[in-house]
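Peer 1: These are the residues of each chain, in order.
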Amino acid sequence: MTTIRISDDALARACGADELAAAFEKAGASVERTSSWGMQWLEPLVEVDGKGYGPATPDDVTAILDGSSDKGIGVIAEHPFIAGQQRLTFARAGKTRPLSLDDYEATGGWSGLKRAREIGPEAIVEEVLSSGLRGRGGAGFPAGIKWKTVAGAQADQKYIVCNADEGDSGTFADRMVMEGDPFALIEGMAIAGEAVGATKGYVYLRSEYPDAIDKMEKAVRACAHIVAPFVCEIRAGAGAYVCGEETSLLNSLEGKRGEVRAKPPLPALKGLFGKPTVVNNVLTLAAVPHILMEGGASLYDSLGIDRSKGTMPIQLAGNIKHGGLYEVAFGITLGELVNEIGGGTQSGRPVKAVQVGGPLGAYIHPDQFDIPFDYEAYTAADALIGHAGITVFDDTADMGAMARFAMEFCAAESCGKCTPCRLGAVRGMEVIDRIRVGGRELAGVETEPQMHNMPKKGRSPDEEIQLLEDLCETMKFGSLCALGGFTPYPVMSALKHWPEDFRK
Amino acid sequence: MSSSQKLAEIIADHKGREGALLPILHDVQKEFGCVDENSEKAIAEGLNLSRAEVHGVVSFYHDFLKQADPRPVVQICRAESCKARGVEALMDDANKAAGERVRLSTVYCLGLCSSGPNARIGDKLHARLDSAALTKLIENA
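Line order of the protein sequences matches chains B and A. Straight run, no breaks: the first sequence in our numbering ends on number 504. Straight run, no breaks: the second sequence in our numbering ends on number 1141.
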């Protein structure tokens, strides 16, 4: 009997993978639900003997089974989108059944944890340090240094917290790890626990990911005996974007309002319930099992450029023809990613802007497409890599409206603790609105003769722009966390590259 | 079982856990469709917190509602990636289709960002929506 492989990833399911799988079963084929290859424009992608067909619908079942379908893409592993990648974190993508312990073990699963237990805490931290692994959540802080700090702290209880609150639009790599390779994440957490002496781990998973919550809960139960004495627990978020910030996430886990904490104290010393805590992103922890395998750390260190080591699972999203997950060593240019690998816009119109790093990332103009994917290079260009989501916009995008949305989003999601973010975002929306209608006139009480200290006229658009720049400066340097601190990036980059979109 | 018994049961289920409040609020929201004043009071008593503390947490998170809304809910993603794929142009038709019968709520990102516009109804996700598909989803919600 023919075995058909179809992904059970949330995106494939949202595109009809379940109905397709049922149709194949009805036609007499045996269906295996695997993780997703990450070629999302082809989902639901059907794999028969290594060859792919997609995007498939139940109407294609007969043709795919008898080999006459015109939706064939050839051998999946040789497809240029896959062949051009260097998959370490996503090595199993498309190849294994997410919740099968047999598949996981057969593909090298648990060997990192096994070796970690043999070499002991100090050597684990040493290997993570030498691999050059940096936090994948956005800040890019060296993971090994964080682990070393927690390992050196004295406490009766320590925690490993996985930040799976992937709220940035344009990012989905965490979701794909949790839905496609959940044991790898749990193994990474168990290794971290081994390294720092923590026996309890929490995965803080956003409530917008029902599939990931379900899979992770099943996975945690299935491998509890393997990772013991380490215990892992899944906690659902409650729809607050700011809880992706590590200190706000810790407050939320403790059952409090997700308000940001001032640092110091660092979470590494006083984190969850005041105990030393490793807080790492999903991708950071999921990269660890590979690094801990024999020779893994030096391979990781040999990839990438400058201080950005290893591979990055880049997410191609928005108005892009070939969207999906592309894991590759650091150093690739944005132009290659968007135009060559991504195939340009899905609408077929010219690319106008690309936002890298989610809602808090800068809008990048096609003129800057030669900057290499590297933490420092992006910082130098007043941009950020963030969680490596790339959202493409075609020439119909109104960048003035996108800048306003950045402020609107910040206002909606601000935790309210610091003034620059809480008030600045609202004032920012108002200023952008005024710029877009051509400034403001004096009105109401301002025109009364008693108000002789008032300016004698309203504000021109240029004066409003000056005000916006000042406001952004205040938010950037005065906010407690990245939400208020980085919202100026999309706003100022839009204003800098597309000033015409701010005029009426 | 009366609702106060059910509430007591939910609180008892989680009481011993670290950071029990959020798991309790999730269960209460799921069971009753909201976390109202009475629930806040009972939870505060159960966890030895003040009512103000519980109310502060409930009102902080988008997922918890003060009052139950019996209407079906369709969540539509209106974040950057879905905007880049034209979700805003669908909103007029969506609002018309929803009318007073269906509650449309905005969600910032369902993580299907290469295949928007996206929507969620219950735990089911929908991708690659155009105006006709979204209208149909709303009408059948």
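Take the hints with a grain of salt, since some may be wrong.
[To be verified] Partial list, computed: chain B residues near chain A (C-beta under 7 Å):
(1) Gln40
(2) Glu254
(3) Glu294
(4) Gly295
(5) Ala317
(6) Gln355
(7) His497
[Claimed, not checked] In silico lysine-lysine, DSS-like type, Cα no more than 27 Å apart, as pairs:
(8) A:Lys1136 x B:Lys218
(9) B:Lys417 x B:Lys457
(10) A:Lys1066 x B:Lys218
The hints are simulated quantities; they were obtained by calculation from the structure and are not laboratory data. Note that the structure is a prediction, hence the values are computed from the model and not measured. Backbone N, C-alpha and C define an ideal beta-carbon position, used for all residues, glycine too.
Peer 1: To test your reading of the hints: which numbers does this structure violate?
Peer 2: As far as the earlier hints go, 3, 4, 7, 8, 9 and 10 are violated by this structure, in ascending order.
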